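> Spelled out from the first residue to the last, the chains are:
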Amino acid sequence: MSPAALRVREMVAKELRQLFRDVRTRGMMFVAPVVQLVVFGYAVNSDIRDTPTIVVDRDRTVESRALLDAFTASGYFEIVAIAETPAAIVAALDHGHAMVGLEIPPGFARDLAAGRATVQIVMDGTQSDAATTAQGYAQRITRAFARDRVTGGVTPAGPDLRLRAWYNPNLESRVYNVPGVIAIVILLMALLLTSLAVVREREIGTLDQLRVSPLRPGELILGKTLPVGLIALADLALISAIAVFWFEIPLRGSPVVLLPGAILYILAGLGFGLLISTVSNTQQEAFMAMFLFLLPAIILSGFFYPISSMPLAFQHLTLLNPVRHFLGIVRAVFLKGEGYATLWPQFVALTALASASLGVAVWRFARREARGD
Amino acid sequence: MNVHRLLAVARKEAIQLRRDPRSLALAFALPLALVLFFGYAISFDVKNIELGVLDESRSTASRALIEAFVGSGYFTVATRLDRLDDAGAVLGGRRATLVLVIPPDFAEHLAAGRPAPLQALLDGSDASTASIAQNYADAVVAQFSTTHAAGAGGRALPLDSRIRIWYNETLQSRNMVVPGLVAVIMSIIAAMLTALTIAREWERGTMEQLAATPVHRLEVVLGKLLPYVVIGLVDVALAVVAGVFVFGVPFRGSVLLLAGLTLLFLLGVLGLGMFISAAVKSQLLATQAAILTTYLPALLLSGFVFAIASMPAALRGITYVVPARYYVAVTKGIFLKGVGVDVLWVDAVAMIVFASAGIALAVAAFRKELA
Chain A
1 MSPAALRVRE
11 MVAKELRQLF
21 RDVRTRGMMF
31 VAPVVQLVVF
41 GYAVNSDIRD
51 TPTIVVDRDR
61 TVESRALLDA
71 FTASGYFEIV
81 AIAETPAAIV
91 AALDHGHAMV
101 GLEIPPGFAR
111 DLAAGRATVQ
121 IVMDGTQSDA
131 ATTAQGYAQR
141 ITRAFARDRV
151 TGGVTPAGPD
161 LRLRAWYNPN
171 LESRVYNVPG
181 VIAIVILLMA
191 LLLTSLAVVR
201 EREIGTLDQL
211 RVSPLRPGEL
221 ILGKTLPVGL
231 IALADLALIS
241 AIAVFWFEIP
251 LRGSPVVLLP
261 GAILYILAGL
271 GFGLLISTVS
281 NTQQEAFMAM
291 FLFLLPAIIL
301 SGFFYPISSM
311 PLAFQHLTLL
321 NPVRHFLGIV
331 RAVFLKGEGY
341 ATLWPQFVAL
351 TALASASLGV
361 AVWRFARREA
371 RGD
Chain B
374 MNVHRLLAVA
384 RKEAIQLRRD
394 PRSLALAFAL
404 PLALVLFFGY
414 AISFDVKNIE
424 LGVLDESRST
434 ASRALIEAFV
444 GSGYFTVATR
454 LDRLDDAGAV
464 LGGRRATLVL
474 VIPPDFAEHL
484 AAGRPAPLQA
494 LLDGSDASTA
504 SIAQNYADAV
514 VAQFSTTHAA
524 GAGGRALPLD
534 SRIRIWYNET
544 LQSRNMVVPG
554 LVAVIMSIIA
564 AMLTALTIAR
574 EWERGTMEQL
584 AATPVHRLEV
594 VLGKLLPYVV
604 IGLVDVALAV
614 VAGVFVFGVP
624 FRGSVLLLAG
634 LTLLFLLGVL
644 GLGMFISAAV
654 KSQLLATQAA
664 ILTTYLPALL
674 LSGFVFAIAS
684 MPAALRGITY
694 VVPARYYVAV
704 TKGIFLKGVG
714 VDVLWVDAVA
724 MIVFASAGIA
734 LAVAAFRKEL
744 A
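One line per chain: the protein sequences are A and B, in this order.
Okay, so the first sequence: first residue is 1 according to my numbering, each after it adds one.
Okay, so the second sequence: first residue is 374 according to my numbering, each after it adds one.
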């Protein structure tokens with residue numbers, strides 16, 4: 001073993017001892033990610049199922065009940081209240097007790113027979129994405145209901161669209177979102193463990209002790225990075241197992257693709273964390289810088305807002321976001337079973353981001369050391 | 374409790390804040406900058422869904438159908454396929470969200486007045502986008518049937534659904550994002566502002582000086598909170614003005630009610646941040662605890678993105694201890710619905726409980742240090 005490798009090994013051993021010594025830090029490293037994945041794994045559900053619906057049926061005929069049945073049988077709407085007056089719909093939507101109000105006017109059955117029936121549907125647009133989808137479902141249900149009245153259930157003349165969803169036939173949003181939670185929990189861990197690392201040693205004075213040791217700047221950074229990288233990798237394996245076995249997220253692709261992607265992603269995360277740590281003068285500054293980095297990293301990752309809906313300038317900006325690239329890899333490997341053939345751009349981007357952030361962190365640290373401040 | 378001593382602590386904290394102009398500027402500029410930044414960036418509006426087309430019919434009818442998809446404004450033809458076997462590669466490589474397969478006999482069936490099957494293959498991995506694409510595709514085909522199949526014996530449907538959207542008539546995601554964003558950003562910023570204030574005094578050794586003075590611990594906590602409450606109120610005011618005047622988000626409720634409820638919310642989250650700071654004593658741990666307890670819960674458990682109603686019961690229970698939950702309801706209610714105290718009193722009560730608990734916890738944690 002070369003002297004440099006020996007020095008790094010000693011440094012890694014020291015860092016690991018330091019990280020494992022404090023029970024609160026141990027909890028943060030291994031308990032927090034698991035708790036976060038379980039809690040947020042259940043939270044990230046944007047399925048439109050059982051949308052709370054309030055109904056005012058002013059016709060009370062076989063036909064009006066058949067229409068209500070069509071709504072509930074679809075599974076997209078659930079009748080939570082039946083009211084007498086349209087005013088009740090206003091109150092229910094104002095209070096948020098229902099998201100949809102369905103009003104069947106008097107004479108519905110008669111008008112239906114005459115071919116000119118209407119129903120009034122009101123929706124709470126404050127959750128615009130859910131309302132858009134629910135609106136589409138409501139239209140489909142009434143259309144199918146009307147068509148069946150005309151043809152008596154026989155497939156009518158004209159185009160007959162058959163929809164089939166691949167990879168996720170039941171269109172469960174959780175399957176898509178849990179891999180996103182994995183990516184964010186790991187990033188959070190990597191940043192929490194590194195962004196205060198150097199600045200803290202500087203503030204409490206232990207950096208001077210490291211300075212008089214024979215460690216070179218690059219070796220010092222490596223010694224700081226390696227242990228956190230190993231811990232993050234262990235966390236990733238742990239929570240991926242929970243995703244697969246607990247949340248039953250299908251892992252269709254190969255772990256052989258996932259692992260190098262994960263290593264590059266963790267390196268990039270550590271790189272950004274160290275960068276924050278080396279440019280900050282105080283822990284408070286590092287804290288603020290971390291806040292500033294995390295929010296865009298999460299929001300501009302495509303986790304819950306599709307990148308393709310962003311303005312073009314922001315779409316370009318997301319190319320600098322390691323979460324975006326790792327999400328691309330995780331989702332494609334988990335759900336579609338894709339490999340390097342389609343995912344190479346993400347790997348190239350992550351490699352570039354990891355080497356750039358780590359490189360700049362080492363360079364800044366070395367320059368600062370050379371100047372002796 | 375002595376108001377003079379409380380104000381003295383507040384003045385001392387304000388002076389300290391003023392001496393650090395960089396942090397102070399950040400505290401004022403950050404929320405506004407974030408609301409502007411994300412207000413522009415975030416959009417749920419699904420437009421330009423990428424369509425893959427496999428036209429085996431190659432007829433006037435099939436071209437008219439493709440034209441109908443494009444003409445709807447929701448789809449753009451991203452790629453044309455030659456064989457059905459290519460669909461996997463197209464969907465897998467994200468080159469299209471939906472592949473429309475028009476079989477060879479489509480035009481004949483349509484002309485003969487028979488059902489003419491069409492296939493649409495969706496990339497279901499992103500369930501939200503897929504559901505929307507599904508509905509749009511269905512609507513386009515339904516529209517196409519009434520216009521084109523009418524000549525071939527089609528009839529207008531006997532039922533018309535009139536859908537009206539309330540509160541956000543044009544279904545713009547920005548109207549939903551901006552009020553929610555104000556709530557999420559403020560709960561994160563508030564924790565950041567106070568999480569370090571006591572831990573810092575402790576690490577720098579100024580805590581002993583504070584302990585030596587006759588101030589009561591409640592006066593210390595409230596006095597330290599006061600400047601941050603003022604900053605927080607200014608932050609929210611700036612963000613609201615930006616939302617209304619830059620993004621054109623409707624503001625239908627009462628400004629006064631929003632101000633009052635914002636005050637309650639700020640007292641709660643700032644108190645909570647101070648509690649963390651007093652409880653862990655170290656800046657490193659305070660940072661980690663503040664981020665773990667505010668960041669992702671405010672984003673994911675507040676109802677900002679993911680509806681609380683769709684969460685399992687146990688998790689819904691957890692959301693009751695996330696203060697952002699109440700404030701998201703308040704901002705959306707006041708901005709978009711224009712509702713008043715008659716609707717929001719539940720959230721107001723919850724935030725009063727929160728504010729009292731936050732301050733009480735901070736005071737309790739503070740006592741231990743002084744003893």
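I should point out that these hints are in silico values taken from the structure, not numbers from a laboratory.
Just to be clear, a hint being listed does not mean it is correct.
[Claimed, not checked] Here are the simulated distance ranges between beta carbons:
| # | chain 1 | residue 1 | chain 2 | residue 2 | range |
| --- | --- | --- | --- | --- | --- |
| 1 | B | Ala398 | A | Thr206 | 30 to 40 Å |
| 2 | B | Phe401 | A | Leu319 | 48 to 58 Å |
| 3 | A | Asn281 | B | Ala585 | 46 to 56 Å |
| 4 | B | Phe620 | A | Thr206 | 26 to 36 Å |
| 5 | A | Ser2 | B | Phe620 | 56 to 66 Å |
| 6 | A | Thr351 | B | Asp455 | 50 to 60 Å |
| 7 | B | Gln516 | A | Ile263 | 17 to 27 Å |
| 8 | B | Arg392 | A | Leu320 | 54 to 64 Å |
| 9 | B | Gly446 | A | Glu369 | 34 to 44 Å |
| 10 | A | Asn281 | B | Ala381 | 49 to 59 Å |
| 11 | B | Val694 | A | Glu78 | 19 to 29 Å |
| 12 | B | Gly446 | A | Thr118 | 52 to 62 Å |
| 13 | B | Gly444 | A | Glu248 | 36 to 46 Å |
| 14 | A | Thr155 | B | Val443 | 25 to 35 Å |
[To be verified] One-sided excerpt, in silico: chain B residues whose CB lies under 10 Å from chain A:
| # | residue |
| --- | --- |
| 15 | Ser396 |
| 16 | Phe401 |
| 17 | Leu471 |
| 18 | Leu673 |
[As the list claims (entries may be wrong)] Covered stretches of chain A (in silico footprint by chain B; criterion: 3 or more residues with CB under 8 Å from a CB of chain B, positions within the stretch not fixed):
| # | region |
| --- | --- |
| 19 | 28 to 36 |
| 20 | 192 to 201 |
| 21 | 234 to 244 |
| 22 | 303 to 310 |
If you're wondering where the values come from, they're calculated on a predicted model, not measured in any experiment.
All residues carry an ideal CB built from backbone N, CA and C; glycine is no exception.
> Could you tell me which of the numbered hints above are not met by this structure, giving the numbers in increasing order?
2, 3, 4, 6, 7, 8, 9, 10, 12, 16, 21
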